[in-house]
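With the hints as constraints, model all of the structure from the sequences given.
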Amino acid sequence: MEKIKLVVEGKELEVPKGTTLGEVFKELGIKDAVGALLEGELVDLQTPLRRGGKVKPLFRGDEEALPIMRHSLAHVMAQALKELYGPAKVRLGVGPDTEEGFFYDVEVEGRTITEEELKKIEEKMREIVKRDYPIVRKELTREEAKELFKKLGERYKLELIDEIPEGEPVSVYEQGGFVDLCKGPHLPSTGKAGAFKLTAVSGAYWKGDASGPQLTRIYGMAYWDEEKLNERLKFYEEVKRRDHRRLGKELEFFTIENEVGPGLVLWLPRGALYRKVLEDYLREEHLKRGYQLAYTPHVGRAELWKRSGHLEHYKENMFPPMQLDEEEYYVKPMNCPFHITIYKTRPRSYRELPFKLFELGTVYRYELSGVLHGLLRVRGFTQDDAHIVCTPEQVNDVIRETLEFALQVLRDFGFEEFKLYLSTRPEDAIGSDEQWELSQKALEEAVKASGYEYEVDEGGGAFYGPKIDVKVKDAIGRLWQLSTIQFDFNLPERFDMTYVGPDNKLHRPYMIHRALLGSIERFTGILLEHHAGLLPFWLSPTQVAVLPVADRHHDYARRLAELLTAEGFRAEADLSGERLGAKIRKAELTKVPVVLVVGDREQESGTVSVRTKKEGSLGSMSLEELIKYLNELQRSRR
RNA sequence: GCCGGCGUAGCUCAGUCGGUAGAGCGCGGGCUUCGUAAGCCUGAGGUCGCGGGUUCAAGUCCCGCCGCCGGCUCCA
Numbered sequence: 004m005e006k007i008k009l010v011v012e013g014k015e016l017e018v019p020k021g022t023t024l025g026e027v028f029k030e031l032g033i034k035d036a037v038g039a040l041l042e043g044e045l046v047d048l049q050t051p052l053r054r055g056g057k058v059k060p061l062f063r064g065d066e067e068a069l070p071i072m073r074h075s076l077a078h079v080m081a082q083a084l085k086e087l088y089g090p091a092k093v094r095l096g097v098g099p100d101t102e103e104g105f106f107y108d109v110e111v112e113g114r115t116i117t118e119e120e121l122k123k124i125e126e127k128m129r130e131i132v133k134r135d136y137p138i139v140r141k142e143l144t145r146e147e148a149k150e151l152f153k154k155l156g157e158r159y160k161l162e163l164i165d166e167i168p169e170g171e172p173v174s175v176y177e178q179g180g181f182v183d184l185c186k187g188p189h190l191p192s193t194g195k196a197g198a199f200k201l202t203a204v205s206g207a208y209w210k211g212d213a214s215g216p217q218l219t220r221i222y223g224m225a226y227w228d229e230e231k232l233n234e235r236l237k238f239y240e241e242v243k244r245r246d247h248r249r250l251g252k253e254l255e256f257f258t259i260e261n262e263v264g265p266g267l268v269l270w271l272p273r274g275a276l277y278r279k280v281l282e283d284y285l286r287e288e289h290l291k292r293g294y295q296l297a298y299t300p301h302v303g304r305a306e307l308w309k310r311s312g313h314l315e316h317y318k319e320n321m322f323p324p325m326q327l328d329e330e331e332y333y334v335k336p337m338n339c340p341f342h343i344t345i346y347k348t349r350p351r352s353y354r355e356l357p358f359k360l361f362e363l364g365t366v367y368r369y370e371l372s373g374v375l376h377g378l379l380r381v382r383g384f385t386q387d388d389a390h391i392v393c394t395p396e397q398v399n400d401v402i403r404e405t406l407e408f409a410l411q412v413l414r415d416f417g418f419e420e421f422k423l424y425l426s427t428r429p430e431d432a433i434g435s436d437e438q439w440e441l442s443q444k445a446l447e448e449a450v451k452a453s454g455y456e457y458e459v460d461e462g463g464g465a466f467y468g469p470k471i472d473v474k475v476k477d478a479i480g481r482l483w484q485l486s487t488i489q490f491d492f493n494l495p496e497r498f499d500m501t502y503v504g505p506d507n508k509l510h511r512p513y514m515i516h517r518a519l520l521g522s523i524e525r526f527t528g529i530l531l532e533h534h535a536g537l538l539p540f541w542l543s544p545t546q547v548a549v550l551p552v553a554d555r556h557h558d559y560a561r562r563l564a565e566l567l568t569a570e571g572f573r574a575e576a577d578l579s580g581e582r583l584g585a586k587i588r589k590a591e592l593t594k595v596p597v598v599l600v601v602g603d604r605e606q607e608s609g610t611v612s613v614r615t616k617k618e619g620s621l622g623s624m625s626l627e628e629l630i631k632y633l634n635e636l637q638r639s640r641r
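Following the working numbering, the numbering of the first sequence begins with 4 at its first residue and continues without gaps.
There could be a bad hint or two in this list.
If you anchor each label on the Cβ, the simulated ranges turn out as follows [as the list claims (entries may be wrong)]: (1) Glu42 - Glu118: 39 to 45 angstroms; (2) Glu581 - Leu482: 41 to 47 angstroms; (3) Gly180 - Glu234: 33 to 39 angstroms; (4) Asp415 - Gly194: 52 to 58 angstroms; (5) Gly56 - Glu130: 37 to 43 angstroms; (6) Lys616 - Glu118: 32 to 38 angstroms; (7) Lys616 - Asp460: 37 to 43 angstroms; (8) Glu177 - Glu15: 30 to 36 angstroms; (9) Tyr353 - Leu236: 57 to 63 angstroms; (10) Arg555 - Leu236: 47 to 53 angstroms; (11) Asn634 - Ser435: 51 to 57 angstroms; (12) Asn634 - Arg604: 23 to 29 angstroms.
Hints listed in this document are in silico derivations from the structure and should not be mistaken for laboratory results. All C-beta atoms in this analysis are idealised placements derived from N, C-alpha and C, irrespective of residue type, glycine included.
Here it is, written out as structure tokens:
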């Protein structure tokens, strides 16, 4: 009998090949293990060992064992469904563990599962957990397995069996009479499961194929203990609380109306004021860095989009054409062809490179109706778009400067944590080796110089060039992709872009697309969620609310608001007849960062009583102190 | 686009078994002049998403469409 060597908790031992870890642990007196890491790979206790190595037993509560437990819960759920709806009526698809729990794709004959039923299913699951069925692994031959699942009417499982590579064992796990095709790993018994909750149902295509059958996906969340589960559930409540669609309504920032069209955003006055501040800032920052501004139309001739290649590669994302004077026109999905046309209005010398053109360009893209989502996924949006045309020699500096610019802008909006992604040459790429090498090197150097964590997505670039993506981490730990810096070797060719070099000859320039915030709409959604609606002082539509205590203080309040407006702040006096408490409540709910209360005391002494949304009451200040304080808030962008 | 859920006043929502539409907030008017998160009274406001059907009668039941929400798929 072949032997294999194991090292368990420092102890070395030899066992016959095919022994299970369950047997090994029993021998060693290791109790209550739910799984193990064998050379770093997650394994269960019931699978015969085929190789030796270092073994780390895992117990309930171990982070590393979560996938085992979640996967087993998926089986428990499948069993619960079979018990509830009848074994012959329930056909199983796949049921893996996920980041937070598990799901199972199922088909229940003659009915659809609704959210209301989740409780019932959950109860049945708890029952099965309580019954503490041992989970037994069996290896079958392909034929045996096929016969078994044919008998069970599990046609999806039959398909899966066919996909198991030759030479790999076909295994099933059985618990309390319920058998499922599965390669594991699984808990020793159902009773070892942790805390869980079924959270949602949705449709999911079998094998992700939209033309194939659609199954019902039932989601569950699972952690070892109730506390952690509740913490995660709370997190989702927090996500809900920060939902920009709710905040956007409350703060009167934007609306999306059926009558106007799905995915088309109307900016309300308060949102428009915020957006004006943001746009002014962007234009300023671009001008400071040598960008030039442009405005381009919303539509262009089909000819243009043909030349750019959009009609060839991007048509399904474009609004359908419109006919005008015998010509077809398309609404623009991107700004590049216009910017390139601007570049080409006259011959360009190497002396004016890098040529950097910036536009807050509004583009329209056809998005499937099902993916539209508040401001985060829309059909019409404004990009903070720029195209940089430069010589090969300038590529390094340009990229480094652009990445620094992007990060500085994101920091100004209150983001502090970034993760960079470098995507390199894919299989079917255009462009020369030289172009790819030069570009990728520039991107990599810039990413390294930034000092932030980065990942390389080998082969993940577009066919026309490599890129850097910047993701930000928001206040509750979610990652959002914002900035993109993308080389394009395609359009300079298609549009025959050139510049005259020092040698008096024509050369092909490098071109880079880049957006810092991406889309103003999407960015606003993310920003609102990041700050939970409480925008930094410099971005708030109303920065200061002046609240008179009684009617006799109205004049003083009005004069104060005028004074602050003259100082460049966005200030409003609340002259409604409400009581102070109600006015404060209103200011709080609309998330005005600074509130000034003025009554007899303040009016007499020419002061204000300051209350901020973030820090509460700051006591009274003279007007000089107040303006100094506000200027500091403005300057620090806090 | 697909699956499931949902659509009632500006907003959040209630509306039983099919019997003719309601609350709170907000908005208008009046009173109150008030010191750090809701003062009191009063009024206006609805083609119950749209269209069709069943019925003596439809917010309620059925069908189609539109939109929203959660996913799936898509995102050169």
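Identify every previously stated hint that the structure contradicts and give their numbers, smallest first. none
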